[in-house]
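Residue numbers (the numbering used here), protein chains in the order written: chain V, 413 to 1011; chain U, 1156 to 1358; chain C, 99 to 455; chain X, 7 to 109.
Just so you know, these hints were derived from the structure itself, not from any lab. Mixed in with the good hints, there may be bad ones.
Unchecked claim - Derived SDA-like pairs (lysine to any residue); straight-line CA-CA distance at most 25 angstroms:
{"#": "1", "chain 1": "V", "residue 1": "560", "chain 2": "C", "residue 2": "431"}
{"#": "2", "chain 1": "C", "residue 1": "413", "chain 2": "C", "residue 2": "348"}
{"#": "3", "chain 1": "X", "residue 1": "25", "chain 2": "U", "residue 2": "1246"}
{"#": "4", "chain 1": "C", "residue 1": "299", "chain 2": "V", "residue 2": "872"}
{"#": "5", "chain 1": "C", "residue 1": "289", "chain 2": "X", "residue 2": "106"}
{"#": "6", "chain 1": "C", "residue 1": "238", "chain 2": "X", "residue 2": "105"}
{"#": "7", "chain 1": "C", "residue 1": "289", "chain 2": "V", "residue 2": "648"}
{"#": "8", "chain 1": "C", "residue 1": "413", "chain 2": "V", "residue 2": "472"}
{"#": "9", "chain 1": "U", "residue 1": "1250", "chain 2": "X", "residue 2": "28"}
{"#": "10", "chain 1": "U", "residue 1": "1253", "chain 2": "V", "residue 2": "472"}
{"#": "11", "chain 1": "U", "residue 1": "1195", "chain 2": "C", "residue 2": "265"}
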Amino acid sequence: MTTALPLAVKEETNSGIWSWLTTVDHKKIGTMYGVSGVVFFIIAGFEALLIRTQLAVPNGTIIDADTYNQLFTMHALMMIFLGVMPMGAAFFNWLVPLMIGARDVAFPRLNAFSFWTFLSGALLLTSSWIFGDAPDVGWFAYAPLTEKAYTVGQAMDFYAVGLLLLGVASTVASLNFVVTIINMRAPGMSWFRMPVFVWMIFVVAWLLILSLPVLTIGLVQIYFDRNFDTNFFNPMGGGDPLLWQHLFWIFGHPEVYVLILPSMGIVSEVLPTFSRKPIFGYSAIVFAGLSIAVLGFAVWSHHMFTTGLGPVPSIVFSASTMAIGVPTGVKIFNWLATMWGGSIRFNSASMFSIGFLALFTIGGISGVMHASPPIDTQQQDTYFIVAHIHYVLFGGAVFGIFSGFYYWWPKFFGRFLDEKLGQIHFWLFFIGMNLTFFPMHFLGVQGMPRRIYRYDADLGWETWNIVATLGSYLLGVGMLVFLYAVWKAYKSEPDAPDNPWDAPTLEWATSSPPPEHDFDVVPVVEARDPLWYDRDNNITREKTKDEHIHLPPPSYYPLLISIGLLVGGIGMLTTLMISALGVLLVFYAIWGWVLEPTS
Amino acid sequence: MSEQAHSVTGIDSRKLLMWIFLASDCLFFGALISTYMIFKGNINNPPYPTDRIVNGEFFHGLLNIPLTSASTFVLLMSSVAMVLAVYGAQNNNLKMMKGWLISTIGLGIFFLLFQVYEFRHFLHEGLGISTNQFGASFYLMTGFHGVHVGIGVIILISLLFGTFRRNSLGPDTGFHIETAGLYWHFVDIVWIVIFTLVYLMPY
Amino acid sequence: MLSIMKRKTVFSFSAIIGIFLSACSSWQTDPQTTVNPKSDMAYLIQDVYVLVSWLALIVFVVIMFAIVYISWKFRERPGVEAQQFHGDTRLEIIWTLIPILIVVTIFIPTANAIPKMKSDPPANALQIDVVGKQWWFEFKYPELNITTANEIHIPVNTPVAFNLESTDVIHAFWIPQLGGKVDMVPGHSNKMWFTPTEARKEAYLGQCTEFCGTSHANMLFRVFVDEQDDFNQWVNDQQSVAIPAQSELAKQGEALLLNNVAFISENGSAVGCVTCHKIEGTTAMGMLAPNLTHIASRSTIAAGVFENNKENLIKWISNPSKMKPGVSERTGGMPMYENYLSEEQIESIVAYLMELQ
Amino acid sequence: MENTHSSDANHLSIKQYLKIGALLTIITIVELIASYVALGALLVPILLILSAIKFVIVVAYFMHLRFEHRLLSQIFTFAFVLALCILLALVALFIYDPSISNR
């Protein structure tokens, strides 16, 4: 193979910043996803507090109209793309290889490239605050409001380029994980012996692979409309604003399943462990997940019932939207049946999962309500929809993610998150969440529209807005408690055993935290819940057989390509000459990547 | 690329990655072609894709079917050349592989020249990207297809360059050329769909 | 430890249900409520709404009770082992059918409500063309040759058909008590119709509900449902031409307004009122901004956000953006006349406008 | 030099590849002629069928899908069918949209 590249000799450093920048280890990449996800989650949460403070009283004057519009748009963008998705990615980066008995993902350097491209897209999007042009037209940016005539500055260019970079990162990560799950399962782990979490991630990866290209076309069309005077969405020039809505929501609906399915996977791992019994209806939950994946592409126009769709499309999309409620219902019944007859231990992890069950069900019910177009014409774009969104996303995805943090923290970092603080955190979140978002159902029914920075006094909305604002402060406090628990754990001595919860899945067979090569010997799987199978048939697997384990060397080319893409993105915002520079950097880095020796 | 891990399904991970990427690209071109087909109906200012009379005045259509079918034939032959190059690589007939690889690259570049000529001709006829919906969606679709062909040519050239330096078949060369071949054939079938829907379909 | 947890869960769930029931009462009276229908279409929606809400409540109570009960009954107790069952196809079939049953019971009324909701308006319906603009609504009665803004009157018990258009971005036309919202998409002409069933003094509130820019929150409109004769009276007033100014101050205002295509001052020049506004029977022929022929007959100004009185009109003309952010900044927006006109001049114009009944 | 693995047993011969190339060329020429001959309503279905045949031939033989693991053809057909359905749905939604006024 070719000699090492003249640029720099890569010596084996496994500490310090350089090891993080060049890591290809799925565990380190998972930690980086988790840290950036939590940081952006906190920033977006702060934006939410500002929104709630402005809406606490009628005709509030704390925040002016433009800033408010930027706040609610960036709150949504950062929560969805920079908060919940990366935290989901943290879990599947950490856990999928461990759960299927692989030493790493199929393409480790491609995995590093995905993270760095995600980070560059995230920084580019968030930097729009600094350059005074944060997008201010709502996270789904309906045309023609995004056209040059109705926006000032480059807010929508930040939106388009930022999401393009995030799209590249998510697509490449999904490709990587689909190949990993298909090809790198441990011997004996057939498709129906995989943990439910891995199934959910498999579905999430397919949803992203098949939906992101459609969003990419929409974003390119916005970018061309704004910078090259095309008329894709400009009705004056023959374009059609609904084309953007269709393209966005064909991506949009699979996207919301991408946000919830990892948490459904986490809950499907946490509930059986703390009910001390296997998941109920494994194949039912898996087929429910797969049917959600297929149906997810057939429901997108339920976001467009009020745009003047004819009777036939309204009925068709209403039927498909209601049909997608059935598998979700089946999952909820199966989780309940998992807890039935169990011996449920209540700690932070299990309480967050039970909280997920209750709150996600409320979100599901309110969702099915506006699957029916007559009701949707009354509820669309009111606070009823905001309530539905937050019950499924905050009550669903975020509760699932925090359940995962408390459950896998000993495995990730060898230390427990403090149980006492965890309980306080749960109750602050549970009560705060209901105080904030349940009154929004009432505000929606009272006709309060979405995305208004002020409202008049005599409409009957004052009490519920104050209640919601108080509730949101509780959520802020809850987050502080969580951060204190994380800090306390960071300071404590690593004392976590291999399998503190006596859980069934393979990641608990490794030490806490697992060695860099994950498994000393690749495990052989004989049944669905491998560790419980070994425990019940008292089989002890030999652990210390150490043969030469080949680990891919660290590489800085993934980071280099991501920087190239970031420079390309910056060029798209300034002058295309800089983009050319970015493309050159990308080509150089690909050339280095291909010639880099992997053994 | 990464080392050859044992794969449960027997499919090489890199080939599986290429096929799933092509699945994703299917949706990419699906959305592009949808945009074109949506705007196909209402192009309301000249120049038009096909000959038509608009309130009494005759407008000459831009789309040149014989020329484009020639370029389609070129891309089709490049697919055949690609297949033979892969055949040569897999039967480690180095001379045959290099020969057909060079002709694939040549045909690919020839196709790109056809595209460049067509774009200049359209621009000359007054069809800018912002002139009308035909211009916008046509340039976006064929432009992205052209970019895919360009990237394909770059990949093939770098593979060719790889074989010259080592004047013998590396262990993976056959595999790399086969995977590049998959990408190349995909770009060809996308053009088959575009050729039929854009050029041959009546307006 | 568990008893606290149990009490907390029971407490929070009962609190939620308690709040829920107490809220129901206030929903009927709120001015912009969606559950107090006053037109045939709104009743049609209400029937589906009530059915689905009851179903939702039942499912809510059942599942929440199940969660609490299971968490309590199967909590970890010494000496009790978890039963290791993990599947039962009979049960799976049952609770696949239950959601299908619920969904079908929702789908049937939905499927037969949709064609009615999206049907074409009857031939005798009163036609109203609504044009959504950045941050106000322009209403035109083509048959009655009336053009007004942000406030309309419609007769009770006669169908009224709205033809919804937009000239800039997407807006949404929504009168919660009279019917579901329909978007105003530029390049599309959407239809919506209903037959109001109850005339009343106060207006039915409406609001734009599709985000349309900086002052999306300040884009309201009002619909007054009158008895037939009140409506005819209103139509006659609206069809009449603007009467010339009476009072002395108003005459100055009228002259100032009608004769100046632009106002020049040391701060530069600003377009005159006549270039954008129209006053029937005068030389003011502008088509871009609200029609001012009968501005005094409207109860609010600035798209239903401020009460129509002297102070608000003076404040509005002096600096529109202070009252509605974005109005002066957007291209073709209303200039801030405090930079071009003196206090007296603005007051004279307001005096003239107050006379345009 | 070990030979590349997997599917070289069911390889096509050079002659077969050339025959397939010729067949594709013929189909393209037929399509071209069809577009000139006044077939009226028949034109669209014929063109679609011919291009579908070319599509399947290239995918099955040139891209080797017929001889590969079943999973690859499942993946590609699912993605292609999804793209086709979305294309048809979008075109239908826009053609039968009564409210488009600048038609």
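Evaluated hints:
Between the alpha carbons of residue 560 (chain V) and residue 431 (chain C) the distance comes to roughly 16 angstroms, so the proposed pair stays at or under 25 angstroms and holds. Proximity of residue 413 (chain C) to residue 348 (chain C) is assessed by CA-CA distance (about 18 angstroms); at most 25 angstroms being required, the pair is judged to hold. At roughly 20 angstroms between alpha-carbon atoms, residue 25 (chain X) and residue 1246 (chain U) fall within 25 angstroms of each other, so this suggested pair holds. Between residue 299 (chain C) and residue 872 (chain V) the CA atoms are separated by roughly 19 angstroms; this keeps the pair inside 25 angstroms, and the hint holds.
Distance hint between residue 289 (chain C) and residue 106 (chain X) is fulfilled; the C-alpha atoms sit about 12 angstroms from each other, no more than 25 angstroms. Among the hinted pairs, residue 238 (chain C) with residue 105 (chain X) is consistent with the structure: their alpha-carbon atoms are about 19 angstroms apart, no more than 25 angstroms. Only pairs whose Cα atoms come within 25 angstroms are accepted, and residue 289 (chain C) paired with residue 648 (chain V) is accepted, the gap being roughly 21 angstroms. Restraint check: the Cα-Cα separation between residue 413 (chain C) and residue 472 (chain V) comes to about 19 angstroms, which is no more than 25 angstroms; the hinted pair holds.
For the suggested pair residue 1250 (chain U) and residue 28 (chain X), the alpha carbons sit about 24 angstroms apart, so the restraint of at most 25 angstroms is met. A distance of roughly 73 angstroms separates the Cα atoms of residue 1253 (chain U) and residue 472 (chain V); the hinted pair therefore is violated under the 25 angstroms criterion. A hinted pair counts as satisfied when its Cα atoms are at most 25 angstroms apart, and residue 1195 (chain U) with residue 265 (chain C) qualifies at roughly 24 angstroms.
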